[in-house]
Each structure stands twice: as structure tokens, then as C-alpha cells.
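Participant: Spelled out from the first residue to the last, the chains are:
Number of protein chains: 2
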Amino acid sequence: MNFPTKLIENAVDQLSSLPGIGRKSALRLVLHILKKDKIKVEQFGEAFIQLINKINYCSICYNISESNLCEICNDSKRDKKIICVVEDIRVMMAIEGTMQYKGAYHILGGLISPIDGIGPSEIRVEELINRVKNEDIKEVIFALSTTMEGDTTNYYLFRKLRQYNIKISSIAKGIAIGDELEYTDEITLGAAISSRMPYFE
Amino acid sequence: MNFPTKLIENAVDQLSSLPGIGRKSALRLVLHILKKDKIKVEQFGEAFIQLINKINYCSICYNISESNLCEICNDSKRDKKIICVVEDIRVMMAIEGTMQYKGAYHILGGLISPIDGIGPSEIRVEELINRVKNEDIKEVIFALSTTMEGDTTNYYLFRKLRQYNIKISSIAKGIAIGDELEYTDEITLGAAISSRMPYFE
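Protein chains in written order, with this note's numbering: chain Y, 16 to 216; chain H, 16 to 216.
Because the hints were derived from the structure by calculation, they are not lab data. Any given hint could turn out to be false.
Identical chains blur together in the list; that is why a pair holds if it fits in one copy or across any two.
Dumping the calculated DSS-like pairs for lysine-lysine here, alpha-carbon to alpha-carbon at most 30 Å [as the list claims (entries may be wrong)]:
{"hint": "1", "residue 1": "K92", "residue 2": "K21"}
{"hint": "2", "residue 1": "K175", "residue 2": "K50"}
{"hint": "3", "residue 1": "K69", "residue 2": "K92"}
{"hint": "4", "residue 1": "K95", "residue 2": "K188"}
{"hint": "5", "residue 1": "K21", "residue 2": "K96"}
{"hint": "6", "residue 1": "K50", "residue 2": "K117"}
{"hint": "7", "residue 1": "K50", "residue 2": "K95"}
Fair warning: this is a prediction, and the values are worked out from it, not measured in the lab.
So that you can see chain Y by itself, here it is in the shape it has in the complex:
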């Protein structure tokens, strides 16, 4: 693409460096940005500069935070003896959205994926083990995706953690609420029958 100025090209390069945004879409976005007020565009750019300069990670759970401890680890009403292990803050936000969980979290920052060259040392496994060793932990809940990478990570964590005197659990896998059984895939249906639960009124 021949850009009329280097300024446009630079902005397009930046936006198209993001996943899922190609150069044509990036140009469309840049032209959209150019139609905004100057002050709005400055705020746009400033938001990312502020973000990277002010962001911090919680020293306990690695949640994103503006201080040394995140809001959840700082909240005296949460049960710090239960740790829910998640891949990233998006999963944590989704679980928080359910309002069903009142324990603490541990943000792994990824899943073990040999095919992508991500081993246990690339994610925060050591930090989780240290928490279980040093804090007074009762239960660790795995809330990882039901994918190959999620299962591998579950299994690895389980082997590392089973030596400690804690309960280890995983979020329930089965038929999604509202799903019709005739359209459910066979693997999920099979797993749901194998891990059937006692029925109660």
C-alpha cells in the first residue's frame, strides 16, 4: 500500500500489529480516528501510554492492579484459603461476573502448550506451588479451558500439587445450561454420562 504520508502508515502499522486486524481494516480504523476531535485522539493515544506506565500486577495472584495488591486479594470478605486457577484475567472477569465465587484467584498467564513452545516455566506454575506451600490453602480449583492445552495444564498442576494436604477440584464439565442433547457433541455427551451427578430435588 502506498500511503499519502508516513504518519498514516505508522498508525496503520501499529493497529495492524494487533491480532485479527489486517492492514486494510487498520487503514479504515485510522481514517475513522482522523474524523474524531483532536482531543479525543490524544486521549486515545494517551490511554495506552498511561496503561503501560501505571499498570502493576498483584504480588499474590498476578491479577492486573494499580498497586501491589489487587482488589480481590485486598478484600477481607473473600476466602483466601480457596484459590481458583485461571488462564488469564478474561476468565477471572467471567467468573467474577457469575457472582458465584468468593475465594481468591491465581492467574497463570497462559496454558502449557508444547506445540507453541510454552512449558510450565513460561507460566506461573512455580508461583502457584509457592502459594500452596507457604499460605494456608484449603482448596485449589482448576478453571481452565476444556482443550488439549487446558487438560495438559490441569494434569501437570495436579501432579505438582497432590503431595500437599489440600483439596484439588476442577470446574464441572458437562452439558451447557439450555443445550439440547440431540445437538450436543458426542465427546461432551459421553463425558457428561461418565461424570453423572446424583439427582436431588
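Could you slot chain H onto chain Y? The hints should help.
Facilitator: Coordinates of chain H only, in the frame set by chain Y:
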């Protein structure tokens, strides 16, 4: 969504203000940005601040430029007596990419669209008429989309310009090169037959 910090929320707000980016995608992009080096993220933000502060529009054709005249209007090899009227710089860039056109441009900055409340005064129609009046123009070529809005704009411009002693043309409409006729839509096929061209070897 409950964000762990205002910083993330602010960056998500900014990205999701762009067309086609929802809040979930914006969060995914922000988390991707957070994995980059600090200097890269600063460059990302800086690109937009630079863009809005340094950008200029060509005083003749309204192309984006860093100075008062764009590269095309400044190029003595281009034929300034021919003006190709386009919706925005993306179309201009596409036409430049063909290397088939050596005249000047006029960037309208939109198309007439009553349904979106865009009338002739919202786009640079007056500026085009002034160019035809005051410069030594031989031909105006309409290179607008073959949509309702493009056709409306074509027609409006034609009525405004026909009083001047210039040639008015439009880019050819017909079957795209490489298209198979059996899959061409009926309206295009009909138009292509009506505006058939003399065959030459």
C-alpha cells in the same frame, strides 16, 4: 464487564469506540498490548498523538498530507487538468495502486446519503465546483461506489457541473475481470449489456 482497574477499562473503551471492535475483542487486544515491551506500547500510543497533531489536508484536493500541498498536487508530472473524484483516500490509494491514472484527485470525504443525514454541504462539493470554476479543468471523472449513495452523489455532481465546459465521465461499470457470467448478479449483467462497448482487437 467488571475490570480489575480503571486503566484497562479506559483502554478497552478507547479501542471499542472504533467501528467493528466490540468490548470483548477490545479486552483481548488490550491484553495483547500488555504483553508487549513498554517502549512498543508507548510508540503505539504516540503514533496516534503524532498523527492528529501533525496531519494536514492538501489545500487543493483534500488528500492527507504533512504540508499544504499533497505529493500528488505537488508532482509536476501529473496532469492537473483532469480531476478524479473519490469518496476517501482509500479509493485514491486503490486507484494509485493500479498505476493507470496520472491526473489529480478530489477527495469528497463521503457520499451524499439522506438516510444518514449527509447532504451535499457535509462533503466537499462546493470545493470541487470552485476548482472547476477557477482552475483550468478539462475533465472530471467520477470514481464513486456503485451504490445508492454513489449514484446519488454522481447525479448531484453531474447536475452541478454540466454547466461548465468540461468533459464529465464515470469509471466503467460492468463485469469484473475474471468473473464468470453465470455467477454475475442480474443487475450488473443487465447494466453491462446496456453499456456494451465497441469490440476491438
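Participant: Hints first: check each against the structure and report whether it holds.
Facilitator: Results for each hint:
Only between protomers do K92 and K21 lie at most 30 Å apart by alpha-carbon distance; the minimum there is 22 Å, versus 53 Å within a single protomer. For the identical chains of this complex, K175 and K50 are inter-copy neighbours only, at 27 Å across copies versus 54 Å inside a copy, given an alpha-carbon limit of 30 Å. For the identical chains of this complex, K69 and K92 are intra-copy neighbours only, at 27 Å inside a copy versus 51 Å across copies, given an alpha-carbon limit of 30 Å. In the homo-oligomer, the alpha carbons of K95 and K188 lie at most 30 Å apart inside one protomer (25 Å), although the nearest pairing across protomers, at 68 Å, exceeds that limit.
Taking CA atoms no more than 30 Å apart as the test, K21 paired with K96 passes between copies only; the shortest distance there is 27 Å, against 54 Å inside one copy. In the homo-oligomer, the alpha carbons of K50 and K117 lie at most 30 Å apart only across protomers (28 Å), although the nearest pairing inside one protomer, at 45 Å, exceeds that limit. Only between protomers do K50 and K95 lie at most 30 Å apart by alpha-carbon distance; the minimum there is 27 Å, versus 49 Å within a single protomer.
Of the hints listed earlier, there is not a single one the structure fails to meet.
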